[in-house]
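Based on the sequences and whatever the hints tell you, model everything.
Protein chains in written order, with numbering that gives the first Met the number 0: chain A, 0 to 573; chain B, 0 to 573.
I should point out that these hints are in silico values taken from the structure, not numbers from a laboratory. Treat the hints with care, as some may be off.
To be verified - Listed below are the simulated BS3-like cross-link pairs for lysine-lysine, each with C-alpha atoms no more than 27 Å apart in a straight line:
(1) Lys36(B) <-> Lys87(B)
(2) Lys51(A) <-> Lys506(B)
(3) Lys506(B) <-> Lys506(A)
(4) Lys47(B) <-> Lys47(A)
(5) Lys506(B) <-> Lys550(B)
(6) Lys182(B) <-> Lys506(A)
(7) Lys283(B) <-> Lys346(B)
(8) Lys553(A) <-> Lys506(A)
(9) Lys51(A) <-> Lys47(B)
(10) Lys137(A) <-> Lys96(B)
(11) Lys125(B) <-> Lys488(A)
(12) Lys51(A) <-> Lys182(B)
(13) Lys346(A) <-> Lys260(A)
(14) Lys466(B) <-> Lys550(B)
(15) Lys466(A) <-> Lys572(A)
(16) Lys62(B) <-> Lys47(A)
(17) Lys572(A) <-> Lys553(A)
(18) Lys438(A) <-> Lys516(B)
(19) Lys540(B) <-> Lys572(B)
(20) Lys36(A) <-> Lys51(A)
There are 2 protein chains.
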Amino acid sequence: MRASNYQYSTLRDAPTDAVVVSHQLMVRAGMIRQVSKGLYTWLPTGVKVMRKVERIVREEMQKAGALEVMMPGVQPAELWQETGRWQKYGPELARLKDRHDRDYCLGPTHEEVITDLARNELTSYKQLPRNFFQIQTKFRDEVRPRFGVMRSREFLMKDAYSFHASPECLQQTYDVMHDAYCKVFDRIGLDYRPVRADTGSIGGAFSHEFHVLADSGEDDIAFSDASDFAANVELAEAITLKTAPDAPTEEAKEVYTPNCKTIAAVAEFLQLPVEKTVKTMLVKGINDAGEEMLVALVLRGDHNINELKVEKIPGLVAPFEFADEATIVRIVGAQPGSIGPQGLADKGVRVIADRSAAVLSDFCAGANKDDYHTTGLNWARDIGEVEIADLRNVVEGDPSPCGKGNIVIKRGIEVGHIFQLGQTYSEAMKASVLDENGKAQVMWMGCYGIGVTRIVAAAIEQNHDDKGIVWPASIAPYDVVIVGMNYEKSEAVREECERLYQELSAKGIDVLLDDRKERPGVKFADCELLGIPHRIVVGDKGLANGMLEYKHRKDSEATDVNKETAIDFILEKI
Amino acid sequence: MRASNYQYSTLRDAPTDAVVVSHQLMVRAGMIRQVSKGLYTWLPTGVKVMRKVERIVREEMQKAGALEVMMPGVQPAELWQETGRWQKYGPELARLKDRHDRDYCLGPTHEEVITDLARNELTSYKQLPRNFFQIQTKFRDEVRPRFGVMRSREFLMKDAYSFHASPECLQQTYDVMHDAYCKVFDRIGLDYRPVRADTGSIGGAFSHEFHVLADSGEDDIAFSDASDFAANVELAEAITLKTAPDAPTEEAKEVYTPNCKTIAAVAEFLQLPVEKTVKTMLVKGINDAGEEMLVALVLRGDHNINELKVEKIPGLVAPFEFADEATIVRIVGAQPGSIGPQGLADKGVRVIADRSAAVLSDFCAGANKDDYHTTGLNWARDIGEVEIADLRNVVEGDPSPCGKGNIVIKRGIEVGHIFQLGQTYSEAMKASVLDENGKAQVMWMGCYGIGVTRIVAAAIEQNHDDKGIVWPASIAPYDVVIVGMNYEKSEAVREECERLYQELSAKGIDVLLDDRKERPGVKFADCELLGIPHRIVVGDKGLANGMLEYKHRKDSEATDVNKETAIDFILEKI
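So, in structure tokens, the structure goes:
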């Protein structure tokens, strides 16, 4: 491509509403422009990158045995009514009526359409397993579109759906797709983690998210520093190696703690490490008779409650709900902020201690008396036996639940998700095949998504510097840029640029020849902003000595290269 | 691809609502399935063909210098309000509201979005010309979706838009795109015609349609048998080589023609050739004073009126409208069916004769008296001078308006359309650049569309036989199919099939190895239905003599091929 025919659209400044670096750089590098909130036009530089990602995804899906299909983006309500999602799906599902007043939606996902296809086209177990994928523009009417194409309303997605005669067969395809996803992100060259998205407590691996690690990620990923264990922080099991509290060394003592409304304030006031305090939260539960009751959740002062884990405990209510203050005062006799586990059982409150809180000794808790705390508490002596459960989020340094190493937490951007759907959709839509005995058997399903356009943004979040984007080679808009100094006036420079352009292009290299009437500074800034991996500079001075200048986007200094061997040099670098 | 892993979905019968052959064959060959009226899922065989068409289109657009972009499918109403199309566009424009009750539409076309982009990104004449294209799923809420993907509501389209500082520059890019379109259809291997879609009377070539010739086409294309002239029948100029009528040889004579309500009946009754009759239609016109008046249009009996041409005549009304019977009887004194041009001028009726009618002599017309006609009529002697114009559709055998050859009429399927938009959109949306003198200059625009999915259907309309599809090699779902006889039992057959499969695949050939547990008849029928160009049959009998069997989809008989040279033989064929 000759730059004079190319649409750069580079900008010095990012729009003020662009808060994440990928959004800023995609606008500045002329990759995208907003048309309406969460709706973007992809400009030539953006499309080139998007197509390269799309190609890698398509190739790996084909290698994994998935067959490409293309389902309609506009879907009839009838199919969504069959699964009940027409009612259940919130306003994220954009709905419209056609000219005959019939209901349709813009497909945010395609489980209904593919299951309808499967129940018509798949009739025998002999046809299974089958795995269909498509690469398609999706629409989700996000409540708050943001971060550019990271959370836009329209986005390009690869979604795949597999059909099976048994859960074992589903697990096999699931594993193949897990590998295919790893190959996609490996080929692109991203630092990523497959993250177990289920709690792991059910046994099988029912769902994995694929996260690109980047400081700007919206999700916290906990992973082991010594194994490939990785899980969403909210789902990682919190382990305590200590199995029982130490023996008491202090007496329990009630102390006056005026105006100490937080654990931090109490610890500060009493000059105690926060790890020697507990916080006690009273939430709503249901007793065996089905009546509402109070449940006290006791956590170490420096730990945070994990609502998802709490909701899964039998007798607790979901969604998670704090008890109201009036009830607390009536039953416990003190306000929140001065609550402790001691004596609660006698008041009919169920007490559950987090694993880490349950192994404390000589600790401090609220005294169940306003403005008082009790120090020197010990479970067996002062409180009695309580239930123990995993109630908290993991924190850095926790032992990894896989048994190897300790937890490290990094932020991640979810770019892929694979899921064993089981029979939810096939059951609802009666998608079955005949088995070996001629009996109808409801199929098992898996689904597998990759956010193609989101990968583009995530790659930038992970690969940029103060000058712009630093693309992984696999998805850079161009492989090489050629910049001529004094291009307009020097015929020697123009000729050498042209030679390099022709010879590299002939080798299948994607070359941008910057033949614009611009100052070299502008050209250098543009190719650094665009993140083109390899740069060759041609100048009269170098040519006089038979030399060119080469610089990789990541290099700080340029290298002189003999022009006779320059092509081989570049090919080797690529 | 091994057939055992492939989704055939072939059917013996087409659905009853499939009336055109491409629709029937696309369903039967397992290319598409209807999800809802005018909405289809493309199955693996369909997607393979679609992607091959898409690739050819993309490559030719890039060669033509167009830059790929991707605009949103969901478009904000504000842009459409700027051009007035939000109001003007009928129910074909699907509209929806987002969760914040803002108006959007599903883009059936992208002039507004691209012009908005251009006015922001193009600021100087130095950036021009610029040509942007995208390949995208469009939605048009057709009043009557039909013919499968030929007229579906969702379809894949390549749309391009160019921007220019002058009409001359627009013409240049228009010509380049015209050539690129020809290359696309040449590469695919279709019999097509670029058809002038304007009347030609304005001078420049402002619009061309590209039609694939096929009997099932919805449009009639008139073209010369001796030049590359081609035009929509409705737009082709009707030429008469004869410049004046012959001298009269008969006397005018009123004859009784009872119950002759049509020209055919009159000619039959009077034993006259229909070319010696005229029909006279009375339509509404406006006189110089702005009052309604009657206009008589006189055509040869075997010719059909062309409303588009009539509407363009000054003083005629558009849309074209017949006069009501009461007015006709009151002014002319006879009912429609017995009208003729003679004496009408005296009754205040404007008379316009078609060029072919104006050169008749001794002809027959209505007598302006119920159930009577006049024979032996001659213009100068019996009627007087009348206006002469082109009022009719061309017919086969007419001299071509280009001056070379005669008109042939074939049916065509419109698969592409290129158009010089001029300044309509750029004017409405204030899309201008600064010219050499720093003055704002509204840009000139062209737009260029190709129906990617429609090409797939059109290719089938043009290439099929009673066994199924006969793909042009460029877009066949597979290049080669290998069928093994007695595949399950004969290891020799399996080994040879595998060898061919591996060796051909390694050469980059798209091979389908039919390893299914099916009878050979089923396998042969499927690969003929799918239209795979090259078939190799491997059997024990042939192998014993070192031979394989080759057949091209178009061959009626198979050929024996030595298995040692089979690979080279196939490669040569491809």
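Results for each hint:
| no. | hint | in the structure |
| --- | --- | --- |
| 1 | Lys36(B) <-> Lys87(B) | 25 Å, holds |
| 2 | Lys51(A) <-> Lys506(B) | 24 Å, holds |
| 3 | Lys506(B) <-> Lys506(A) | 19 Å, holds |
| 4 | Lys47(B) <-> Lys47(A) | 22 Å, holds |
| 5 | Lys506(B) <-> Lys550(B) | 20 Å, holds |
| 6 | Lys182(B) <-> Lys506(A) | 24 Å, holds |
| 7 | Lys283(B) <-> Lys346(B) | 15 Å, holds |
| 8 | Lys553(A) <-> Lys506(A) | 24 Å, holds |
| 9 | Lys51(A) <-> Lys47(B) | 19 Å, holds |
| 10 | Lys137(A) <-> Lys96(B) | 17 Å, holds |
| 11 | Lys125(B) <-> Lys488(A) | 19 Å, holds |
| 12 | Lys51(A) <-> Lys182(B) | 25 Å, holds |
| 13 | Lys346(A) <-> Lys260(A) | 23 Å, holds |
| 14 | Lys466(B) <-> Lys550(B) | 14 Å, holds |
| 15 | Lys466(A) <-> Lys572(A) | 22 Å, holds |
| 16 | Lys62(B) <-> Lys47(A) | 15 Å, holds |
| 17 | Lys572(A) <-> Lys553(A) | 13 Å, holds |
| 18 | Lys438(A) <-> Lys516(B) | 21 Å, holds |
| 19 | Lys540(B) <-> Lys572(B) | 24 Å, holds |
| 20 | Lys36(A) <-> Lys51(A) | 26 Å, holds |
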